[in-house]
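> Based on these hints, arrange chain G on the given structure of chain R.
Protein chains: 2
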Amino acid sequence: MNTSSATSLFLRAAWGEDTPQAPLWLMRQAGRYLPEYRAIKARASFWEMVRTPDLAAEITLQPLRRFPLDAAILFSDIMTPLPAMGVRVEFSPGPVVAEPLRSPAQIEALRLPETQEIAPFVAEAIRLVRRELMGKPVALIGFAGAPLTLATYLVQGSGSKDYEDFRAFLRQEPALAHRLLHKLTELTIRYLRMQIEAGAEAIQLFDSWAGLHDQEVYRSFGLPYNQVVFSALAGLGVPRIYLAVGASHLYPLLASLSCEVVSVDWRMPLDQVRHFLPHTLQGNLDPAVLLAPPAIITQEAQKVLRAGLGGAHIFNLGHGVIRTTPPEHVACLVEAVREFNRHTEVST
Amino acid sequence: MNTSSATSLFLRAAWGEDTPQAPLWLMRQAGRYLPEYRAIKARASFWEMVRTPDLAAEITLQPLRRFPLDAAILFSDIMTPLPAMGVRVEFSPGPVVAEPLRSPAQIEALRLPETQEIAPFVAEAIRLVRRELMGKPVALIGFAGAPLTLATYLVQGSGSKDYEDFRAFLRQEPALAHRLLHKLTELTIRYLRMQIEAGAEAIQLFDSWAGLHDQEVYRSFGLPYNQVVFSALAGLGVPRIYLAVGASHLYPLLASLSCEVVSVDWRMPLDQVRHFLPHTLQGNLDPAVLLAPPAIITQEAQKVLRAGLGGAHIFNLGHGVIRTTPPEHVACLVEAVREFNRHTEVST
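Protein chains in written order, with numbering that gives the first Met the number 0: chain R, 0 to 347; chain G, 0 to 347.
Okay, chain R solo, but in the shape it has when bound:
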């Protein structure tokens, strides 16, 4: 199934090859900075875009029509599989859980849906995108939220600076937290397997809020569930990417993570991160750089590329494209990455 781009630059680097060029894709490459995305958004709600395969596929492909990127990432949201558990999720614009989970009864009431019930529209969108990408050297990445990060939203209810309610919940109700994480882990495995079966050629596990926790809390509530998810997806021929943000203090723990790629934010240079992690590194240009003049973009991209030498590297931003980014600045970045030959450069 995953043959069309089996030798793509992205997949080679994801599997650990120190490729001559760094493959390139950008988190939130399909999104609000593109006028063609805003045109769709003007006539459809966020849930409509996510749940209509034609729209989700179209949005996924929009950045590929502008830029020669090495991967597409399915347009969706980490909250997508949760309604199938019986959770009501709105977007305004960030995710809002109408009834945050706090009680044992609420957590017991969460359904564990069968694989085909979770989000059939996602499987269909993946098939549509794969059909469009047929024969092109562009890999399609599926994704899901990590159990700890999904639990963060489910318990807190809506966006927050430090997610204090959730952090307090872990301290007050550790057994209940583990029951919730257990269910979310099983959901995530089913959801990602479904994406792989539909044609996703790599998967990324977004643990956006892992960095809120100290090492001990992460070792108890985060790491083991991520390991279970990744182990369940081993041997399927699909590289596994883990993303955490603001998590420099957790890198020593991530060294043992059973995945091929770790995506790192912009805070620490890749050559320092390599001391901790044996994985392919993905990242890590500060998305704010894309607001700077083109000469700065080229210069900062080269710094990231040089810091990425000495091991496999997938170029990306440290976090999503900022809404106000001019699309022509993305074009400038793509050119800078394309022109950089990793085999003739000397490591910083």
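Among the hints, a few may not be true.
If several chains are the same, the list does not tell them apart, and a pair holds so long as it fits within one copy or across any two.
Computed cross-link-like contacts, DSBU-like style, restricted to lysine-lysine with a CA-CA straight-line distance of at most 30 Å [stated by the list, open to error]:
#1 Lys40 - Lys160
#2 Lys135 - Lys160
#3 Lys160 - Lys182
#4 Lys135 - Lys40
#5 Lys40 - Lys182
#6 Lys302 - Lys40
Hints are computed from structural coordinates only; laboratory data are not their basis.
Since this is a predicted model, take the numbers as computed values, not measurements.
Below, chain G alone, put in the same frame as chain R:
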């Protein structure tokens, strides 16, 4: 002037003494978790509380009446000195800058007020608190926002997850950013000198948003201005505390910071932080622990205390007291810290 508590446990540890007990105070120890604070807040706006010396002094002293803490921190806000520059700041509940600064004209127009114009009500509140604390072993801490963190609010305008507009501003307008930081540095020096003259016995520089930036950005826009502030306050007989949050990746750079104490958040255990920093360490219990049952609070406090051995340590939270914390849990924490003898314990 700073004689009443010159030998207080807090000041001894702040100056680097490996004291037998860890002195203890809590960030946001005066605040919404206390019913007596909420009673004042019900009849006064945030600015009224900050600008009325009697109220600010009373709120500062409220936690001291409940708990045998080693330090008081003046009730105020890092935004307090900004209106004297001509900036309109509201609270709803976080700070909101009505007209975010972006243009050269706006930044040129910022007034640099004379010391006595900045916030005379703060000087008066400090004098009132010192009078009340006379003869008690409780040190009074003054504070200000670090230039980079003040600039974050001034440019972004209001709270944000990643302060993308500010981070983009640093990339787009570095020269303008430096002009703004220069002015804020001078303001901060004047404001903190005034607090010291009025009777503050230690000062804390809150760089709450330093951790948003990579090392290179922090080295250019953060560190040098913090050094200038701290150097200007050297030799005044008052220990200087630096606080950053989510800044584990910056610890190698903070090693050279010209201050006596570094306050660290809950993310990394103090024994690991000591590998980076030669300062007295302040911190770093996760504030979420104070929502857990008392037995857990005692156990987690002991972990922090043990990790703090091997050098001077001021016990504190890694961030402010969470609004929903039961005051009796704070009492439990205070007792756990008081009972811990650092000289008879073995380091972890």
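> Indicate, hint by hint, whether the structure satisfies it.
Quick rundown of the hints versus the structure:
| no. | hint | in the structure |
| --- | --- | --- |
| 1 | Lys40 - Lys160 | both (27 Å within a copy, 23 Å between copies) |
| 2 | Lys135 - Lys160 | neither (41 Å within a copy, 37 Å between copies) |
| 3 | Lys160 - Lys182 | both (26 Å within a copy, 28 Å between copies) |
| 4 | Lys135 - Lys40 | within (27 Å within a copy, 63 Å between copies) |
| 5 | Lys40 - Lys182 | neither (33 Å within a copy, 42 Å between copies) |
| 6 | Lys302 - Lys40 | neither (35 Å within a copy, 50 Å between copies) |
Hint check: violations occur at hints 2, 5, 6; the rest are consistent with the structure.
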